[in-house]
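Chain by chain, the residues:
There are 2 protein chains.
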Amino acid sequence: MIERRERLLGPGNPLFYDDPVHLVRGEGVWLFDRDGKRYLDCYNNVPCVGHCHPAVVEALCRQAGLLNTHTRYLDEHILDYAERLLGKFDASLDRLILTCTGSEANDLALRIARFNTGGEGFICTNATYHGNTAAVYQLCSIFRPFEGYGEAVRMVPWPDSYRALNGLSGEALADAYADEVRNAIASFEANGIRLAGMMVCPIFANEGLPNVPPGYMAKAIGYVREAGGLYIADEVQSGFGRTGHWWGHAASGVVPDMLTLGKPMGGGHPIAGVVGRGDLIDTFRRSEMYFNTYAGNPVSCAVALAVLDVIEGEDLVGNAARVGQYVLRRFKELEVKHEIIGDVRGTGLFFGIDLVSDAKAKTPASAEARQIVNRMRHKGILMSKIGEHDNVLKLRPPLPFSEENADLLMTTLDEALAAL
Amino acid sequence: MIERRERLLGPGNPLFYDDPVHLVRGEGVWLFDRDGKRYLDCYNNVPCVGHCHPAVVEALCRQAGLLNTHTRYLDEHILDYAERLLGKFDASLDRLILTCTGSEANDLALRIARFNTGGEGFICTNATYHGNTAAVYQLCSIFRPFEGYGEAVRMVPWPDSYRALNGLSGEALADAYADEVRNAIASFEANGIRLAGMMVCPIFANEGLPNVPPGYMAKAIGYVREAGGLYIADEVQSGFGRTGHWWGHAASGVVPDMLTLGKPMGGGHPIAGVVGRGDLIDTFRRSEMYFNTYAGNPVSCAVALAVLDVIEGEDLVGNAARVGQYVLRRFKELEVKHEIIGDVRGTGLFFGIDLVSDAKAKTPASAEARQIVNRMRHKGILMSKIGEHDNVLKLRPPLPFSEENADLLMTTLDEALAAL
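Protein sequences, first through last, are from chains L and P. Be aware that the first sequence starts at 1, since it is given in our numbering, and climbs by one per residue. Be aware that the second sequence starts at 1, since it is given in our numbering, and climbs by one per residue.
No lab work stands behind these hints: they were computed from the structure. If you're wondering where the values come from, they're calculated on a predicted model, not measured in any experiment. Some hints could be false.
Partial list, computed: chain L residues near chain P (C-beta under 8 Å) [to be verified]:
(1) 10
(2) 15
(3) 19
(4) 95
(5) 135
(6) 288
(7) 294
(8) 362
Away from chain L, derived, C-beta distances all over 12 Å, residues of chain P [to be verified]:
(9) 149
(10) 295
(11) 368
(12) 420
One-sided and incomplete, this derived list gives chain L residues near chain P with beta-carbon spacing under 8 Å [as the list claims (entries may be wrong)]:
(13) 14
(14) 126
(15) 268
Glycine included, every Cβ here is placed at the ideal spot set by N, Cα and C.
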């Protein structure tokens with residue numbers, strides 16, 4: 001099957017695990033392979049309401065059997081969805097443009113920022129990924145694109161709470177990091193490049209989920225805005241309850257000028273979008289043609305509405321907060337027990353476990369992280385790894401994850417760590 | 001409802017017709033509004049197998065209820081689909097990369113061409129649209145992006161078979177147009193810009209469906225390849241039987257180096273992709289990370305497989321060729337009867353009717369085209385208009401369109417034209 005993949009799809013299509021999993025069925029937090037083996041899904045955020053949630057599948061099938069067109073005809077689904085979704089943000093964020101993918105949403109948000117500011121330059125972090133279009137790849141610091149980076153990009157160190165610079169902490173650390181943003185702005189100015197904005201995931205999901213130094217975001221974004229730039233929060237990973245709040249930016253205390261949504265938005269169905277301030281969106285839309293054939297179609301919107309219904313009906317935001325606290329506590333117990341765990345970080349149901357081969361030197365234990373992820377897969381738990389050094393265990397289960405699920409995860413992870 | 005759209009989605013969201021249609025149900029070639037009024041769909045190519053085809057809906061629902069993940073786990077749907085799809089192309093086109101939208105596919109194809117050629121410059125026509133990402137917008141000649149066009153783009157006149165330059169025809173006309181491509185290449189060379197390729201819809205769908213002068217494509221692409229560039233056929237509109245062949249490039253006699261697919265691929269479900277030569281795709285994939293969360297997921301591939309099943313099972317390619325011939329003959333009858341019809345063009349089930357206010361001067365009758373489209377909507381026929389002057393009636397019904405459907409279209413269009 002891997003040979004067939006290479007022959008039809010070409011090389012380099014990423015596959016999880018040294019021994020890849022062939023899945024055939026999903027239900028709630030569970031996945032099943034073709035031999036009937038059951039896996040606890042501790043990785044997938046797209047099926048945020050659980051795999052194949054009956055209410056989502058039902059909405060999909062009902063609407064797909066009735067009508068599936070595009071937004072050049074009138075339809076209520078997109079309006080009902082926009083109204084409900086926008087109601088969950090600060091009142092300043094009052095417009096929605098739907099796309100099909102998070103990459104399309106980020107590509108569009110960059111254009112809207114450039115249009116409104118007249119600027120070119122964007123700031124991102126030095127260990128991030130925002131999507132796969134040519135324009136968005138310019139902000140991809142974890143995979144260098146063959147085009148190289150243009151002069152309109154500056155990458156600033158992500159606010160690493162664990163391997164902090166110069167032993168700083170608290171406000172001093174926040175200042176040190178925020179100063180990097182100020183330096184990036186100064187560097188743009190020195191090169192005659194006008195700032196358009198900063199795009200950042202408000203929980204630094206790709207960077208490895210640091211506990212962001214308090215005040216960092218407000219200070220960094222303060223500098224950006226002072227220089228005429230916009231704050232675009234990439235909420236493709238952090239949105240829809242993942243953090244125990246509806247949105248990842250909630251905890252940072254800074255309301256973005258625009259934010260982008262994706263992955264969990266349709267529970268697996270391709271729907272994504274840009275939410276933004278009316279003044280920014282409207283001036284753009286008045287001047288520029290933007291149409292997306294599939295985006296906002298009745299089926300996508302019916303599915304996205306069902307996802308909202310389930311998140312609210314099953315209080316999945318509350319569950320992410322409650323069970324997230326429980327999981328974090330249990331991880332901290334493992335941290336005490338296993339020296340290889342250097343740091344445990346997380347928010348809601350999104351966790352990073354930083355493995356180190358030397359606790360003092362905080363040497364990233366990348367090989368061991370890989371071993372653990374592969375062992376867990378054989379023990380029936382699906383998870384992955386992230387971070388600048390690929391040594392951070394990444395856990396991000398569907399939101400209906402329970403304490404019982406967490407207990408199974410802990411027992412299994414405890415065994416896998418003990419067997420290292 | 002229009003006010004609600006503006007308030008939630010911003011201004012400038014395109015809507016069809018002066019009196020927009022509020023659709024609630026679709027079935028085959030028919031659409032129904034909320035008052036139960038029935039419309040013959042003579043416009044939509046996305047539901048190529050007909051609206052809400054039961055076999056497509058069934059495949060969607062079955063797979064959505066079983067499993068919907070991503071390609072980092074093994075799954076047979078994507079492989080079965082790739083095998084069947086690639087079997088429908090020249091043997092040189094042996095790799096598939098799936099995306100979610102045609103825009104993503106075109107964005108990716110441009111990157112792959114740049115990577116493989118080491119070039120930057122692209123040629124497109126002067127009346128086209130290839131999608132909505134920042135990179136693809138650089139090739140959009142019908143809506144000028146606010147960024148302007150970079151120096152790596154040259155737009156050549158589209159091969160206008162009706163308003164031909166200098167009264168040329170046949171080979172001489174083909175040469176005149178192909179020379180424009182040669183000039184564009186020379187202009188790149190003169191400016192030190194290396195050619196990456198030419199992106200073109202093989203049936204010039206956005207340009208107004210000209211009867212392309214014989215030999216034009218072979219000559220133009222010959223120049224492109226001689227200069228080290230690649231031919232990317234944008235088959236987002238022309239693919240999947242629309243032309244009475246499986247692919248739009250079939251009639252041109254030139255096999256592309258890459259081609260992009262979209263709109264009808266999933267009958268409304270967001271799935272799209274790049275098909276290309278193995279050498280081009282593989283060198284790119286070996287060097288560059290490309291992952292697309294939703295693309296190639298089991299649900300999308302199950303749907304796309306069902307679309308192929310229906311196209312084959314109902315011989316929709318043959319139907320497009322046969323009924324297409326019939327429709328074209330009937331349009332030619334109307335052309336004789338109504339002086340406003342300057343030219344009737346088409347291929348398979350895709351037609352352009354060029355309206356002129358002065359038959360000799362071929363003056364585009366843009367206002368009348370708008371009137372006709374709006375009148376037809378009130379008479380229960382949905383169609384649109386295109387072209388450099390927005391005066392070309394655009395007809396592109398779902399592929400199960402029958403002679404009986406065509407007869408209704410003709411009678412109604414005859415009445416609308418008579419009432420002008």
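Going through the hints against the structure:
no.: 1; hint: 10; verdict: holds (4 Å)
no.: 2; hint: 15; verdict: holds (6 Å)
no.: 3; hint: 19; verdict: violated (10 Å)
no.: 4; hint: 95; verdict: holds (5 Å)
no.: 5; hint: 135; verdict: holds (4 Å)
no.: 6; hint: 288; verdict: holds (6 Å)
no.: 7; hint: 294; verdict: holds (4 Å)
no.: 8; hint: 362; verdict: violated (27 Å)
no.: 9; hint: 149; verdict: holds (14 Å)
no.: 10; hint: 295; verdict: violated (8 Å)
no.: 11; hint: 368; verdict: holds (21 Å)
no.: 12; hint: 420; verdict: holds (24 Å)
no.: 13; hint: 14; verdict: holds (6 Å)
no.: 14; hint: 126; verdict: violated (17 Å)
no.: 15; hint: 268; verdict: holds (4 Å)
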